[in-house]
Amino acid sequence: DAGVIQSPRHEVTEMGQEVTLRCKPISGHDYLFWYRQTMMRGLELLIYFNNNVPIDDSGMPEDRFSAKMPNASFSTLKIQPSEPRDSAVYFCASSHSGQGTEAFFGQGTRLTVV
Amino acid sequence: AQSVTQPDIHITVSEGASLELRCNYSYGATPYLFWYVQSPGQGLQLLLKYFSGDTLVQGIKGFEAEFKRSQSSFNLRKPSVHWSDAAEYFCAVGARGQGGKLIFGQGTELSVKP
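Chains A and B supply the protein sequences, listed in that same order. Numbering (the working numbering) for the first sequence: 28 to 141. Numbering (the working numbering) for the second sequence: 1311 to 1424.
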């Protein structure tokens, strides 16, 4: 398996624009997680899905953020409108619900909002 | 409150010297514990994990960690550091059956002197 695949790897956008980040989890994994990494706040969980259903979105910072998982092999994280303080590295991770499993992380998307 | 504390923000060791990175956690239930490593511009790679059983766990790249319930600690060790070990190391805690829903520490940046 190719692992968790995120696109794009880098995104530079202007304030006010819509940004969509994409993630393909590992096949067979039933959990998908979106994390954000910043210098100030470190790694924080934004939202996670189980079997394509959002379970906990309490980490989503504002209504400008939304996430979807239309099927088991694809998820998006959208920011509309984007702001400079959204600049961060966004990671997608997936895992299996069986005992003794861990999360596998993608390479991340570095978002810069100017 | 659930939290993970990595007291050392930055550590420098000489190549060939031993290493210990500290991690303390606060978690209401029996925790799953993880150490991840992140090289610059890369995603997070799992070094090792503890779920149950032997409290001394072995990981990749010669790393090991010891779970001490009485001290709420999960310190990472390596007997002899290599220059390629320079990276940022994250300790994380999670719940059983939800291997990717993690609370991360702030990370410890490791520098290796020749």
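Since the hints were derived computationally from the structure, they do not count as laboratory data. Take these hints with a grain of salt, some might be off.
Said to hold, decoys possible - Taking lysine to aspartate or glutamate pairs in the DMTMM-like style, the calculated list, with each CA pair at most 25 Å apart, reads:
no.: 1; chain 1: B; residue 1: Lys1378; chain 2: A; residue 2: Glu129
no.: 2; chain 1: A; residue 1: Lys105; chain 2: A; residue 2: Glu71
no.: 3; chain 1: A; residue 1: Lys95; chain 2: A; residue 2: Glu110
no.: 4; chain 1: B; residue 1: Lys1371; chain 2: A; residue 2: Glu89
no.: 5; chain 1: A; residue 1: Lys51; chain 2: A; residue 2: Glu89
no.: 6; chain 1: B; residue 1: Lys1371; chain 2: B; residue 2: Glu1398
Said to hold, decoys possible - Only some residues are given here: those of chain A computed to face chain B with a beta carbon under 10 Å:
no.: 7; residue: His56
no.: 8; residue: Asn98
no.: 9; residue: Phe101
no.: 10; residue: Phe132
All residues carry an ideal CB built from backbone N, CA and C; glycine is no exception.
How the hints compare with the structure:
1. Of the pairs offered as hints, the one joining B:Lys1378 and A:Glu129 holds, with about 20 Å between alpha carbons and a cut-off of 25 Å not exceeded.
2. Simply put, A:Lys105 and A:Glu71 have alpha-carbon atoms about 17 Å apart, close enough for the 25 Å limit, and the pair holds.
3. About 20 Å separates the Cα atoms of A:Lys95 and A:Glu110, which keeps this hinted pair within 25 Å; it holds.
4. Between the alpha carbons of B:Lys1371 and A:Glu89 the distance comes to roughly 40 Å, so the proposed pair goes past 25 Å and is violated.
5. The suggested pairing of A:Lys51 with A:Glu89 holds, with an alpha-carbon distance near 24 Å, which does not exceed 25 Å.
6. Distance restraint check for B:Lys1371 and B:Glu1398: the Cα-Cα separation of roughly 15 Å lies within the 25 Å cut-off, and the hinted pair is therefore satisfied.
7. Given the 10 Å rule on beta carbons, the hint for A:His56 holds: about 9 Å separates it from the nearest Cβ of chain B.
8. With a cut of 10 Å, the hint placing A:Asn98 at the interface with chain B is violated, because the nearest CB-to-CB distance is about 18 Å.
9. Nearest Cβ of chain B to the Cβ of A:Phe101: about 17 Å, over the 10 Å cut. The hint is violated.
10. Against a cut-off of 10 Å between C-beta atoms, the interface hint on A:Phe132 holds, since the closest Cβ of chain B lies about 4 Å away.
In summary, the structure is inconsistent with hints 4, 8, 9 from the numbered list given earlier, while agreeing with the others.
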